[in-house]
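Novice: For reference, the chains in residue letters:
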Amino acid sequence: MEIMLKSLGIVFHPFSIFFMSIGTLFGIMCGALPGLGPSMAVILLLPFTYTMDPIVAIVTLVAVNVGAQAGGSISSILLRVPGTPSAIATTFDGYPMAMQGKAGRALGLAFTASVIGSIFSAIAMLIATPLLANVALRFQSAEFFSLALLGLSCISSLGAKNQVKSLFAACLGLLLSTVGLDSINGVERFTFGLEFLLNGIDFIPVMIGAYAIAEVYDMIGKGTYSETSETSVLKGAKFEFIKLKDIIEKWKTYLKGSIIGTIVGIIPAAGGSIAAFIAYSEEVRSSKNPEKFGTGVEEGIIAPESSNNACVGGSLVPTLTLGIPGSPVAAIIMAAFMLHGLTPGPLLVKQQPAMLQSIFFGIIVSSLLLFIFGKIVAKEFTKILKLPYPLLAMMIMVLGILGAYSLRNNLADVFIVFVFSFVGYFFNKFHYSTSSFILGLVLGRIAENSMRKQLIISSGSWLGFVTRPISLGILILALVAFLSPYYRKFMSSRKSGDVC
Amino acid sequence: MELVGISLIGVGLLFLFIQSMGLKGITVSKDQIGPAGFPQLVIILSLLLIIYILFTLMKAKKKEKSLDWRKRKVLIVHVFLFFLYLLFLDSIGFIFSTLPYSYLGIRNLGYSDKKKTFLFSLTMTASIILLFGRLFLVSLPRGIGVFRELSYFFY
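So the sequences go chain by chain: L and B. The opening residue of the first sequence carries number 1 in this note's numbering; numbering runs sequentially from there. The opening residue of the second sequence carries number 1 in this note's numbering; numbering runs sequentially from there.
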């Protein structure tokens, strides 16, 4: 109780609130701007925390992360350019919603889901830190492979119009993920002597090209742009606070996304983008209308946004208890601990008993601040939509290029954007699923590496994937998710056959 | 067009399959799949799907709607300008490539107000430099020679 009061005193001190507000606002802005993202946001603010009290410093940096994870949804929804990698899945339904004139509602849903996800993970972190850390340690190659398959399992639903084309697009994404140095043998694959391909193809430039730039081409090709930017999109662009009734109505989606995000966040090296994809897949699997995903479904925003923000608290669990960072941002926060003379790990909770609870309260406060600052930043960003389309199009093109270039300060990434803009245009025109393609690219490397590692561990035996209970459970879930659209189709055709 | 595109992808995949047969270097003895296994599996699956798609396309024989010439011209010029922008980005730097690119790009898309177009191009370039280059210290392309030297005045 004494520790709790001390933590409350630290977090609710006016200075702490002030720094957390700055952190959250800064995080949202960085998240919303393509090319920055959570890691960059935390790094940029890190030097300002040197002179702060260690707890206030850590809580401020956590607030930056909370803000950045949520902020990524803004540009995903409004421009189809994901601000952060973890906001990629938000584009699938966020942008179509914006195009239907529901940008404000989409933003409101994204921020509400982010708040719920963050708070859920903070509670989980406080209550079950040692237990969750043990679960995280049980995740090995077999479980990672099963998780990747679970993420990939929604391909069949994403391509509801043409599942063969969707599967084909995913295969191309998987193939693209094999480009570069093979991480097990160190063999160069499909690099054709090009040095920049050795590290593989990053999914951010591909995503910018295939989504944002291809969308601009599409609009120009159709020639409908002058009307769209001025009328339908703008009507619903005002940030909308989601009513409690609506939240309760979709409580399962919020809860599932938050649980998935927290668990995936705990697993070292998994991260928000994987969590968002898995949550999205799970939502598609359990939906009564999976074919509607990708056309502007509210659950398609709630699931990825609640899960990527739930990763914030989740990723801090192994950082605080084991000294193993759960994500790149957690690694930077771990560095901040060290800068303040603290060593994350089992001893931290004993040395700094108020730290864990302060972070817990910090996440809750910064999550609530998301509503205030989210509305402000989103309001400013939605002004972009007021621009006539030729101006907006050029802004998307330049910001897209900037986002790709700033990844590695490499012009090669910019040309990757160019190449994949045509792929995206082709996919849009002939109804191949770009989302499946991206899904394959993001999860391909994890799937291949973890499969091969597990086979090495089990001396070539495939049984290792099914004899481990967690892996088996996830595999069953993935199989059900993949087959359910086909089963539904089969059942409905049988029913209609009976009627005839 | 879809038929041609898919056929080209199919040819590309065959080429990659042949390439993958040369991927050797199994240094981990228990790695039975090896570096070529996974890509080959994906390529075979993709080729099977391509055969199915091609078969369906030929069966359907749907006539595609072609873009009208004016829209096509705008799109081609837009892509060409974009390509030029990327080409010059590294040699003349962010400022001197973004300004003309955005101006010409906007004009190509049919926005007629020259003054507003110029002001927008200038404001957008300046805002990006201030926000990304100066405030967030994101490195922007500087160009070479005199352009590089000039860029240091701005970011």
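Be careful, since some hints might not be right.
[What the hints assert, rightly or not] Dumping the calculated EDC-like pairs for lysine to aspartate or glutamate here, alpha-carbon to alpha-carbon at most 20 angstroms:
id	chain 1	residue 1	chain 2	residue 2
1	L	Lys222	B	Asp68
2	L	Lys250	L	Glu240
3	B	Lys73	L	Asp218
4	L	Lys429	B	Glu2
FYI, nobody ran anything at the bench for these hints, they're computed from the structure.
Novice: When you check the alpha-carbon spacing of Lys222(L) and Asp68(B), does it fall within 20 angstroms?
Specialist: OK: Lys222(L) and Asp68(B) at ~9 angstroms, within 20 angstroms.
Novice: Holds or violated: are the alpha carbons of Lys429(L) and Glu2(B) at most 20 angstroms from each other?
Specialist: 9 angstroms, holds
Novice: Are Lys73(B) and Asp218(L) close enough, with their CA atoms no more than 20 angstroms apart?
Specialist: This hinted pair holds, its Cα atoms lying about 13 angstroms apart.
Novice: Check the hint pairing Lys250(L) with Glu240(L) against an upper bound of 20 angstroms on the C-alpha distance.
Specialist: Cα-Cα ~16 angstroms, so holds.
This entry satisfies every hint, going by the numbered hints stated previously.
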